[in-house]
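*Asks:* For reference, the chains in residue letters:
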Amino acid sequence: MSVSAPSPLRGRLGLELRFFRLLIRIYGAGFRDRYEEELVSFFCRDRVRDRYAGVVGTLSFWRLTLRDLAATAARERAIAGREKWRAETVFQDIGFALRQIKADPGFSITAIFILAVAIGASTAVFSAVNGVVLRPLPYPEPDSLYRVFTRFLPESGYDFEQFTPSPREIVAYSDATEALVDVGLFDGFSLTFTAEGLDPTRLSAVGLDDRMMNVLGVHAEIGRRFGAEDMLGKATFTTVLAPVALLSHRLWVDQYGSDPAIVGQTMTLDGSITEIIGVMPAGFSFPSPDTDIYVPYPVDRVDPGDWGWHGISAIGRLADGVTIEQAREELAALNARWREEFGHPQEGHFLYLEELHGSLIGDAREALWMLMAAVLLVLTIGAVNVASLLLARGETRASEIRLRMALGAGRARLIRQMLTESTVLAVSATVLGVGLAGLGLDAVLAVNPRALPRMDGIAIDTTVLGFSLLACAGTALVFGLAPAVQASRASMSERTSADGAARKRLRSLLVSTEVAISVVVVLSAGLVVRSFTHLSQLDAGFNSEGRITFGMYLPEPTYPTNEEVRIGVTRLVDELRATPGVTGVAFTSALPISGPTAYPDFYVQGRPEPAPGERRSSAQTIVATPGYMNTMGIDVLAGRAFEATDTVNAPPVAIFNQTAVDTYWPGENPVGDFVQIAAADAPWIEVVGVIEDVRTEGLDREIQPQLYLPFEQEQGFWQATSRIGSFVIRTPGDPTQLVPGARAAVAAIDPNLPLENIRTAEDLVARSLAGPRLITGLLGGFAGIALLLALVGVYGIVSHSVARRTREIGIRQALGAGRTRVLWMMVREGAAPAFVGLGIGLAAAFVVTEALTDLLYQVSPRDPATFVALPIALAGVAVFASWIPSRRATRVTPVEALRSE
Amino acid sequence: MTPRPQADGLGPTPSSLTLVTVQILVSLGRGPMHGYGIKLDIEERTDGAMTLGSGTLYQAMQRLEKQGLVQSSVAQEPGGRRGRVYELEPLGRDVLERELELMQRTVAFAAAGSESPA
Chain A
216 MSVSAPSPLR GRLGLELRFF RLLIRIYGAG FRDRYEEELV SFFCRDRVRD RYAGVVGTLS
276 FWRLTLRDLA ATAARERAIA GREKWRAETV FQDIGFALRQ IKADPGFSIT AIFILAVAIG
336 ASTAVFSAVN GVVLRPLPYP EPDSLYRVFT RFLPESGYDF EQFTPSPREI VAYSDATEAL
396 VDVGLFDGFS LTFTAEGLDP TRLSAVGLDD RMMNVLGVHA EIGRRFGAED MLGKATFTTV
456 LAPVALLSHR LWVDQYGSDP AIVGQTMTLD GSITEIIGVM PAGFSFPSPD TDIYVPYPVD
516 RVDPGDWGWH GISAIGRLAD GVTIEQAREE LAALNARWRE EFGHPQEGHF LYLEELHGSL
576 IGDAREALWM LMAAVLLVLT IGAVNVASLL LARGETRASE IRLRMALGAG RARLIRQMLT
636 ESTVLAVSAT VLGVGLAGLG LDAVLAVNPR ALPRMDGIAI DTTVLGFSLL ACAGTALVFG
696 LAPAVQASRA SMSERTSADG AARKRLRSLL VSTEVAISVV VVLSAGLVVR SFTHLSQLDA
756 GFNSEGRITF GMYLPEPTYP TNEEVRIGVT RLVDELRATP GVTGVAFTSA LPISGPTAYP
816 DFYVQGRPEP APGERRSSAQ TIVATPGYMN TMGIDVLAGR AFEATDTVNA PPVAIFNQTA
876 VDTYWPGENP VGDFVQIAAA DAPWIEVVGV IEDVRTEGLD REIQPQLYLP FEQEQGFWQA
936 TSRIGSFVIR TPGDPTQLVP GARAAVAAID PNLPLENIRT AEDLVARSLA GPRLITGLLG
996 GFAGIALLLA LVGVYGIVSH SVARRTREIG IRQALGAGRT RVLWMMVREG AAPAFVGLGI
1056 GLAAAFVVTE ALTDLLYQVS PRDPATFVAL PIALAGVAVF ASWIPSRRAT RVTPVEALRS
1116 E
Chain B
217 MTPRPQADGL GPTPSSLTLV TVQILVSLGR GPMHGYGIKL DIEERTDGAM TLGSGTLYQA
277 MQRLEKQGLV QSSVAQEPGG RRGRVYELEP LGRDVLEREL ELMQRTVAFA AAGSESPA
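From first to last, the protein sequence lines are chains A and B. Residue numbers for the first sequence follow the numbering used here, beginning at 216 and rising by one. Residue numbers for the second sequence follow the numbering used here, beginning at 217 and rising by one.
Please keep in mind that the hints were generated in silico from the structure rather than gathered at the bench. It cannot be assumed that every hint is accurate.
[Unchecked claim] The calculated SDA-like cross-link candidates involving lysine to any residue, where the alpha carbons are at most 25 Å apart (straight line), are:
#  : chain 1 : residue 1 : chain 2 : residue 2
1  : B       : Lys282    : A       : Leu696
2  : A       : Lys719    : A       : Ser323
3  : A       : Lys719    : A       : Thr1105
4  : B       : Lys282    : B       : Asp257
5  : B       : Lys282    : A       : Arg290
6  : B       : Lys282    : A       : Arg249
7  : B       : Lys282    : A       : Ala286
8  : A       : Lys317    : A       : Leu696
9  : A       : Lys317    : B       : Val301
10 : B       : Lys282    : A       : Arg240
11 : A       : Lys719    : A       : Tyr1010
12 : B       : Lys282    : A       : Arg612
13 : B       : Lys282    : A       : Ile241
14 : B       : Lys282    : B       : Glu317
15 : A       : Lys317    : B       : Thr267
16 : A       : Lys317    : A       : Arg669
[Stated by the list, open to error] Among the chain B residues that face chain A by a calculated CB cut under 7 Å, a handful are:
#  : residue
17 : Tyr252
18 : Gly253
19 : Gly269
20 : Ser270
21 : Gly271
22 : Thr272
23 : Tyr274
24 : Gln275
In this text, a Cβ means the ideal position worked out from N, Cα and C, and glycines have one as well.
Excised from the complex, chain B in its bound form (with noise of 0.2 Å):
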């Protein structure tokens, strides 16, 4: 069941990553950062209608290192405290362009009613 990378490197299907997950590679596409700044980034990216709690962030994070999208390492914060900071491995910029593309593909079909996708 766990999706796993595989050996093309080009990582899991993208229609095994659920939307929080999705969400989250968005976030640390756009740098890297720790865990509450992923859930805050969210939340300003959908206004306030996705937000996470704490255990459904973390498992999903939990879930992207085993799956070698994401790692993490100790750095030190803007506030002068150490803490874990997470970052896209390239793999997880692969999957999360992949799992764009397919996004706007659905989009656009939806958006051009009954008609075939491009």
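Pulled out of the complex, with its shape left as it was, chain A reads as follows (with noise of 0.2 Å):
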């Protein structure tokens, strides 16, 4: 029977308790299996007294704690009788360690703060690094999944690197393949879900096909997983029927409250009836954790539909024993054999496979590593810059240290000593550093939450707090060992000059070293930071200021007709634009930057069809209500923007983008000309205006041709996509302010319809560019710190060298030595090692900013405007850093220099 301490306590205690459960190892087996849960109720009830609250309290809280483990273990350890002597003498050293930290708190506590700064930073990004990308997907062996996707070459008349591909696709390479278990189809919607007393809301839902739990081997916890007899009907591009569903493990917890017996009750989405047949795992998150329930995704088999009607998400399995290769050599000739009995896929476009881990986190991988890089930099920066500073301190303690191998203190001794005080500081500032970390992770999730992938998986965890011991293990090493070494053989005889030029040697070797490190953080720094200016200041095509949007889903039980959806949108503009405080509301199929959209071919009136191989025009299809352009801010180029007179009985009209200008009317206007989508039935188009490019994928991604069309004319030809939509209102005040008034609008036309996705224009815009925004901000802290350390370094090294040659400065100012003259001097002994590493960083740079490339936005790694203003800007910096203790020994007047010594 053991004693635990209150669960919630633990909780709150969370990440000090994991780190005091990993510093209680310390105690012998026998001890720790004796009293270990004692310790830890012990722990959690003495942390949460008053007198340890707020940072201070936190403080003293763990300097007790640490004393009392440090003193402890190592008698425990002697009492077991285990290596009794040797413990006995660490147990000594870590009693003089903590005397010699007391002794000179001035140097420790700069010493301790920055390796913690340092090595919280390391675990910070660490722990980023490990959730997102060393932390495997939860699935059972994640490394056999993988995407399907299907690629256009030119040569295909159509230009896309990464494509969804169709079912068609897929069922055929499911049937064909046995380099694979099977290939699942899925895909991501949203259902509204309504109960009574409850507002309806929208729930992210995934789509699965029979197979698609095969393929990533999974189970339902409660109840049972989708099977061919739920595959009822046939999905459509809007509408997916879900006879049946699978509730998500938050779902269930949070709507059903951990209901036990779920399976059987029904729940009403987008207002048809629906039986719960299980809930899925905890762990379980398919393809995001923001998913909340799961439905059947049926897939016609038999007659899957056009090859060319891309659109869904496909995963497959390698099948045991086979290798990546294999499938890859499987699928290309399977793209061959479908070539030659189908025709398709056409010439430059097939099918191929990306690992699912990696297309989940797309760049996110890079950045991180880099980021990575670049902590473990500066990491290496603090480790020298603490060296420097103990080399320094060694000089003071010759005289100690001369007396304790006068005393018979072996070197080997006098090092392990000093060992024991870097690990000392090193193992406090690991303390502080971890807990810096976990702050610091709190603060940055709270703020972004989403920018970047899988951060959700982001804790300092049992793996995070190991490396943090790395880390520390290997500066106290670092910065331990060669001051260290360097003071215990210059006491072995007395103090000669040649040791003093030996020391003076190895602080310049550390100078320059800092200083190289930093250009190269810096220099990144700089380069990823231009790179997020030029995106930041990106025209996203129309004006974020004063708009509110969100998204709207009109369910076809309710408006089961093209007529009805028509007429509901249109109520829900009256009714909104009456809002007051509203100057402009629209309605359009796809907001800007929000992902991509429809693409459907189109031909031009008067030009004939493209040959195989050649360039087929074809446009992203977004559709709009009118006063979409003058509500959203878009700009009109030529010709006119949608009117209130584009309606269903009106001669159907069209709006291009500029960018589909450039690339199929280049150097003409196409205002005038007609063109015709390619679908069944459909009409030749006025083209009546161009309007200015809008970025509706990313604002990193490259524009795409695009093609407007009138809401109330799309629904007669296109599939009625329009039922999925969204809101724009401008006002001229705060536009979230209107969202109560659009709420209400909204349900005094249907009560039922929930309001999605609630988002201001600018923020549309800002979550765009979250992910760059966290890894340029971070980038350019640690930039920061790096450049900070390296320039405490230079000053360091010149203020000492003016405090020792006080003496010298007297006699040389005696001799006649002008004030310049001195002080040029001193400057050079910072200066000179500074431009060293300058020189040395540059060329470092210059290699290593090449793996930035993929991470650059219209920047190039080797940026000369970077690559000239930042190292002249660091010289300055550094001159300066010199300038300012040089500045001391000019005052030194020579009657105190000679009473100096």
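Dock the two chains into a complex; use the hints.
*Replies:* Structural data, given as structure tokens:
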């Protein structure tokens, strides 16, 4: 039977408690087995006492805890009889080291603070690398899972590096493959959940075909998973009938209070009754942690639709013993066979496999490794900096060391003593650093919860603590060993001038190293900051001020026909327009920066159909009500915007963006031309206007040709995509103030319509930049720390030199050396090693920044401006850091100087 | 080195007890307590002058249990949770009494200046 602290307490102390548990492993196994739970219980009760509240309290608590731990662990091990004499010496060394720290608090606080910041930053970044990149996906054998994409090379008539496959392609692949266990399909969408006494809410849903759960290798925790019998009806572009559903663990807990009798209950989704057949396990989230509910995604395997109907996602799992190379070879052969048998895929278009983990995290992998590299460099600078401090202190401790040697301490014993001191410093810094990392992570995650994929998995766990301990040991060794050897060697004999020179050389070397590393970090950060500046200055193509947007879905049971959707949207627009404070309202199928949209081909009247291999005309199609351009602040460059007269009965019209004009009408004006969308029974449409480019996918994505259609006319010939769309509302005031009014207006038309993803237009832009902003901010911060530490190093070496050379300076001045000459002599002391470091750092950066290529937007990794401006600035700052302490040297009077020794 | 209970039942010689050990015995002299309770009790009695860390406390408890001065058992705490509670063995009580007596004599001796002890 063991003692345990109240569990809420333990939860609150999470991180600190885990760290304490790690620390008490220092005790022998016998003692731990008997007292661990009691130690933990003691820790929990003690930690929450009022006297240990706040930062000062926390520090004082940990100081006491560590002191107790250090003192008792050695004694306990000694009692256990294990390596008795050695433990006692270690105990002695630790005690001595603690007294040293107390004796020189200025030095100790500086050293611990520098290391804590560096170790804390490394720990925080490593926890992100661990959570996003290293942590395996939550499925069995996740490394065998691959996304299936299609690629269109220009000879196919299109040009897309990565595109979603069509169900027909995937069904063919799934039927033919032997290298894969199977290929499953999925698609993400939203479903409206209504229940009595509850506001209608939109649930994030994922449709899975009958193969997908087998591919992922997952089972329901309660109930059963989808089988072929659940795949009723046929999924269409806009509607998924969900006769049955599996709840995510989160929804089951939040909405149903973990009801164990959940299977067989029903819920209302999109106005129709759905039976709950089970609950997924707690750790399962697919494809992202946002998913609330899983529904069947029926695919007609006999007639899975047109080959070119792209728009679903697919994942395959490698069969046992099959390598990815073999699977790729098989797929290449299949691509060739299909081309021969069905004429599809055409030349330059093929299916390919991409590792699932990589496709989920995308650029974040490179960005995080870059941050990790940067932060490890900062850690190195920190360690070098403290080495420099210790070296300087070694000189002042020379007499103490000589005394100890005279009393019989061997060299090895002295080195061990000094290494123990370094370790005590490093351990204190690590404790503080891990605390800082925890606070920092909480802050970053609170502000940017979605800036990076898989960010929900970022936490300081045992792996991360293991890394911190490694960082601790590594830095202790780096900054402790050199000064320790130096100090003990120097003390073997009387101090000689040769020792002094050697020590000075070592310090100069350390300063050069610090500066060189900081140049690499600062230059890399400079490039990334420049890239981010480019990104943030990009014209999104619309005015984001004073606009609020929200998504809306008009469900099929309530709005079964196109006509009813048209009437519904029109009434909503009118009602919203009547809301006080609103100066413009529009509805669109795709807001800016919201992701890809449908991408149909179109023909231009009077032009021959393109030959195979020739560029086909296709454009992202966006539907909008009259007033959209005006409400969103999009400039009309030629012709006109949509007008209220562009109704279902009026002649059909269309508007293109500038990129479409540049691509398909280079040097011409398309206004007055007629185009036809490649869909059944599509009419010829007159081009009536050209508008500026609006970024639909992401700020850093290439702008695609875009085709805008009036909402009312689109209903006639294209599939009814517009029952899903978004409203944008313009106001001269604060747009967030409009939300209650908008809610009331929507409820007045249909109380069962939830407002989804309510965001200001400014937020749309900001979200697109959240990842780059976070990475840039962090890297900039690290560069700042690196620079500061390097400057402290330069300042330190000069300042130390001034203090030691007071007498020499006095004599020089007495002999007639001018103040300026003395000043520059001293400035050189710091500037010379700094410039050596600058040179080495520049050369290194020239090679290293190449690795940033993929992360930079419109900036060359060897951007001349960055490579010239930053080093000049750094040189200036290095001279300045040398100049400040050098001024002291010039104030020395000869009399003072001669008195100084 | 480790003091052992002696055949005469008088336990370790008083001088082998540390101040921490004495304080723990004094606390347990007031009745059975759990580990953290002992810490709080000592803090209260010494006005915070003696603050035990967990390692120090349980190391002492381990020693005292081995010496047979203290025994522990699992019991229901006031909060309803189950926890380990320590109490004095008869031997521990004897040792404590002897130690306190010795202390009193020491204090009296010190208070009387350089006069010889009574």
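*Asks:* Work down the list of hints and note, for each, if the structure agrees.
*Replies:* Hints, one by one, checked against the model:
| no. | hint | result |
| --- | --- | --- |
| 1 | Lys282(B) to Leu696(A) | violated (42 Å) |
| 2 | Lys719(A) to Ser323(A) | holds (22 Å) |
| 3 | Lys719(A) to Thr1105(A) | holds (21 Å) |
| 4 | Lys282(B) to Asp257(B) | holds (23 Å) |
| 5 | Lys282(B) to Arg290(A) | holds (16 Å) |
| 6 | Lys282(B) to Arg249(A) | holds (13 Å) |
| 7 | Lys282(B) to Ala286(A) | holds (21 Å) |
| 8 | Lys317(A) to Leu696(A) | holds (21 Å) |
| 9 | Lys317(A) to Val301(B) | violated (38 Å) |
| 10 | Lys282(B) to Arg240(A) | holds (22 Å) |
| 11 | Lys719(A) to Tyr1010(A) | holds (14 Å) |
| 12 | Lys282(B) to Arg612(A) | violated (45 Å) |
| 13 | Lys282(B) to Ile241(A) | holds (22 Å) |
| 14 | Lys282(B) to Glu317(B) | holds (24 Å) |
| 15 | Lys317(A) to Thr267(B) | holds (20 Å) |
| 16 | Lys317(A) to Arg669(A) | violated (44 Å) |
| 17 | Tyr252 | holds (5 Å) |
| 18 | Gly253 | violated (10 Å) |
| 19 | Gly269 | holds (3 Å) |
| 20 | Ser270 | holds (4 Å) |
| 21 | Gly271 | holds (3 Å) |
| 22 | Thr272 | holds (6 Å) |
| 23 | Tyr274 | holds (4 Å) |
| 24 | Gln275 | holds (5 Å) |
Going through the hint list in order, the structure does not satisfy hints 1, 9, 12, 16, 18.
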